[in-house]
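**Student:** If you want the building blocks of each chain, they are given just below.
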Amino acid sequence: MSTATLPDDPQLRQRFSELKPPLAPQAAVIEANRCLNCFDAPCTVACPTHIDVPGFIKRIASGNLRGSALRILDANILGGSCSRACPVEVLCEGACVMHRHHREPIQIALLQRHAMDLFHDSGEALLTEEPLPRKLRVACVGGGPASLACAAELRRQGASVTIIERRALPGGLNTYGVAEYKLRATDSLREVEMIRRMGVEFRFEASIESGADLDSLEAEFDFIFLGVGLGAMQRLGIPGEDAEGVMNALELISAYKTGHIREITGTVVVVGAGNTAIDAANAARRLGAETVYLLYRRGEGDISAFDFEYEHAKQEGVQFLWRRQPLAIQPGKHGRLLLDTVLVQQVDKTLLPILNSQYSIECDLVVPAIGQSPLSQLMQELRHIEVRHGRIVADRATGQTGNPRYFAGGDCVNGGREVVDAVADGKRAALSMLKLTEVADA
Amino acid sequence: MPDLRVRGFAGGISSPNPFWLASAPPTNCGEQITRAFDAGWGGAVWKTIGEPVTNVSSRYSATDWNGQRIMGFNNIELISDRSVETNLSEMAEVKKRYPNHAVIASLMVESTREAWHEIVARTEDAGADGLELNFGCPHGMSERGMGSAVGQVPEYTELITSWVKEKARTPVLVKLTPNISDIRTVARAAKRGGADGLSAINTINSITGIDLDTLIPRPNVDGKSSHGGYCGPAVKPIALNMVQQVMSDPDAALPLSGIGGIGDWRDAAEFILLGCGTVQVCTAAMHYGYRIVEDMAEGLDNWMRSKGFNTIEDFRSLSLPKVTEWKHLNLNFKIVAHIDEQKCIGCDLCHIACWDGAHQCIHLDRVSGPIDGHVELHPIPAEQEARSRAAIASTPVTRREREALADGHGPYSTPLARIPRVDETECVGCNLCSLVCPVDECITMVRVDNGLPPETWEERTRGANCATPSQ
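Heads up: the protein sequence lines correspond to chains A and B, in order. The first sequence runs contiguously to residue 442 in this note's numbering. The second sequence runs contiguously to residue 1471 in this note's numbering.
Please note: incorrect hints may appear among the correct ones.
Ranges of calculated distance between the beta carbons of each label pair, as one might list FRET restraints [as the list claims (entries may be wrong)]: (1) B:T1461 with A:E104: 51 to 57 Å; (2) B:T1398 with A:S17: 52 to 58 Å; (3) B:T1311 with A:D307: 33 to 39 Å; (4) A:T398 with B:R1387: 17 to 23 Å; (5) B:T1398 with A:Q330: 48 to 54 Å; (6) A:Q11 with B:S1388: 44 to 50 Å; (7) B:P1411 with A:V393: 35 to 41 Å; (8) A:Q11 with B:E1294: 34 to 40 Å; (9) A:R137 with B:S1388: 49 to 55 Å; (10) B:L1435 with A:K349: 29 to 35 Å.
Pairs of lysine-lysine residues, derived as DSS-like cross-links and limited to a Cα-Cα distance of at most 30 Å, are as follows [stated by the list, open to error]: (11) B:K1167 with B:K1236; (12) B:K1224 with B:K1307; (13) B:K1327 with A:K58; (14) B:K1236 with A:K58; (15) A:K20 with A:K58; (16) A:K314 with A:K182.
Derived by calculation from the structure, the hints in this document are not laboratory data. Don't be surprised by glycine CBs; every beta carbon is placed ideally from N, CA and C.
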């Protein structure tokens, strides 16, 4: 049995045509040959999973494509989705010495994708032989990148692993939350399928909500890895927020990626200026919205989105409304919405409204995108796992929490970083579980 | 203004410039040679004329390198497959239209005096400015007692050259094969036989590679292959060495037309600096077409201008005296590597090249503190890589995190920790680091005054003092 997947959707594919199309085979070889093969390469150092970048690139140059993919997977089981979703401008490609050579950096992401696509296209199983079984049973709560990486590493070394996912499809934000023009949900699911074939068990639409749930987990497994991500998106906290026509950024993204929203018309206002806000704004444009505003309470220089994401949004035709804050959402004419806003200015450390600057935007959809709120306090209350500033406190090197049977990684620990950070967390947690087991067995 | 003309080469061949097309597919017929002259070539050596052959289908193969096409080129094509009459009537036509260009006939016939006399007479009647005896073709023809089968035996070379000289009225060049342990032996034989000049080198025996799916070597002729002749950029260093050997030997040296991997004006200048009076090109013209001669002529002209040379003869052979035997090199000459920190991009290829391929004296210790001395004092490269891969890194998601990453680089654009340092006490001046460095002029080899007078190996080991070499 393979994991559930999504049907091919030509309309979606066309509207969200890939931002960075793959390299043709010969182009890949030429690009691979540009790599200098640095010693102790800065790209590898910058990568949270420390992929041997010159190593996999040289294998592409030599035509050893299977070896290239295995080299990547050795360090990062989600090498395929990372090659699409990583902000490489601030990671490997940003660290490339070619910048100082006054040349374009090596296109590491596209080369990595080249090797990974060929491997996934081949349908080859990652584990060609069953690893030596090990008396270690682990539950990974949450089916996103952190848990997948943790599970894969454990399976490679013979542990039995079960991923517990509350939704119908695995992959977490890789499947439901990354802009489709970067990473297609189907590509995320294909990667998960490779992990399932390694022997990782999945339980779908199963959530952990009570002490009894935790009791049964503890009875069944030796360790529990929490890769639960962040909770629902934060609310704006203004009147009218529950109106129809208000949908947060993650809801919007997962709805269009799974085919539940196929078209948007009229005017959309996205509130917030992070990377997710930009993903939502761009998606609205591509789904057909004539006008998309991105509303931010501070200025252009303060946005938390990456520079290249901001530039991309401008190219998509997103318009920016700076230093404006939403006040309320009201019903407008013809079933539309009225978003009341006001200009604000910073006085000392607070933002104060400017008198007589109120303005109402007629729109059809309001998309809050002001960050994800922390997960419920369940773990803290029931298992005394410390949660600080909404994040689970875990040791950086081992992923272990204050409760020695519980490990954690990914967004629920780091507060919301990238797929590659979650993979690194999951892998480190797996390795420390294995190490603990070895000590115990010895 | 520099004058690129060649006058009276090998006792009488002139051409508007020293750039000739070698005897090969680009000079297969009159139509091609006409276009080549229009494009700017000064001369052409007609594709070898002789009893017409049947060629095989699939004739060439190449060695690509690092994504670049045709670093080396291999062929198993034989001499002209067109009749002698056709070749010679076209030659007469070309000569009529281009009286001032050099048209040289490459010749190969069976090894009898009569056959050679006949072809020489017919070719000269057609108007050839000179003859090139093909004693070099390394495949096919050699199995029939021609080509390199002649060129590999000094006696045959001398004999056939002398037959040709009995008849020839135009200059006679002998084309040398490199597929021999000492090219000078055949060059001397050609000189003894009366040759007016030489052409060197012909192609080198080669198998370029094997198709790893079918296991058939290239080029594939119905499931089998045969060794061919190698040429193109890869062979230039071999050709230059052979040119130097011939031109430095008084018993062998003759006016020489240099061949082997010449593709641009720099290559041409190097062959001329070692004594060549003209140069011949094939592979580069097959790769890019005749038009490459434009830059060859312009580039050579500009270089000659910058160096104050007015004619080809002004710089011909100037590098020849600068090549000597090893025993005459100064053992007390000392250079060390110097890294320009401003130019260093931090690839650290020099570090790993020095550690794995040289003398373990380029270190990454600018931050941790310089340590001079032998290899055992330093951490090995693998430790450094292991440390990096054990470190915890995360994506800089906030502006502040990104700015923090950009800091701490020290005074140069490359972080100080990644700028290697040369331990000059251990550096032997081998050049390896400067060769692997991707940045021009970043690593230079700097002379160190060690206070010692020049001394060669020959001087050091001469006479009774040889047992006590100076320190």
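**Student:** Each hint: holds or not?
**Tutor:** Against the structure, the hints come out as follows:
1. B:T1461 with A:E104: 51 to 57 Å: This hint holds: roughly 54 Å between Cβ atoms.
2. B:T1398 with A:S17: 52 to 58 Å: violated, 31 Å
3. B:T1311 with A:D307: 33 to 39 Å: The hint (33 to 39 Å, Cβ to Cβ) is violated, given that T1311 (chain B) and D307 (chain A) are roughly 59 Å apart.
4. A:T398 with B:R1387: 17 to 23 Å: Since T398 (chain A) and R1387 (chain B) have Cβ atoms about 18 Å apart, the given range 17 to 23 Å holds.
5. B:T1398 with A:Q330: 48 to 54 Å: violated, 35 Å
6. A:Q11 with B:S1388: 44 to 50 Å: Given range 44 to 50 Å: holds, Cβ gap about 46 Å.
7. B:P1411 with A:V393: 35 to 41 Å: At roughly 39 Å between Cβ atoms, V393 (chain A) and P1411 (chain B) fall inside 35 to 41 Å, so the hint holds.
8. A:Q11 with B:E1294: 34 to 40 Å: violated, 53 Å
9. A:R137 with B:S1388: 49 to 55 Å: violated, 34 Å
10. B:L1435 with A:K349: 29 to 35 Å: violated, 58 Å
11. B:K1167 with B:K1236: violated, 34 Å
12. B:K1224 with B:K1307: Violated, at about 51 Å.
13. B:K1327 with A:K58: violated, 41 Å
14. B:K1236 with A:K58: holds, 27 Å
15. A:K20 with A:K58: holds, 22 Å
16. A:K314 with A:K182: Satisfied, since the Cα-Cα distance of roughly 17 Å is no more than 30 Å.
Consistency note: the structure conflicts with the earlier hints numbered 2, 3, 5, 8, 9, 10, 11, 12 and 13.
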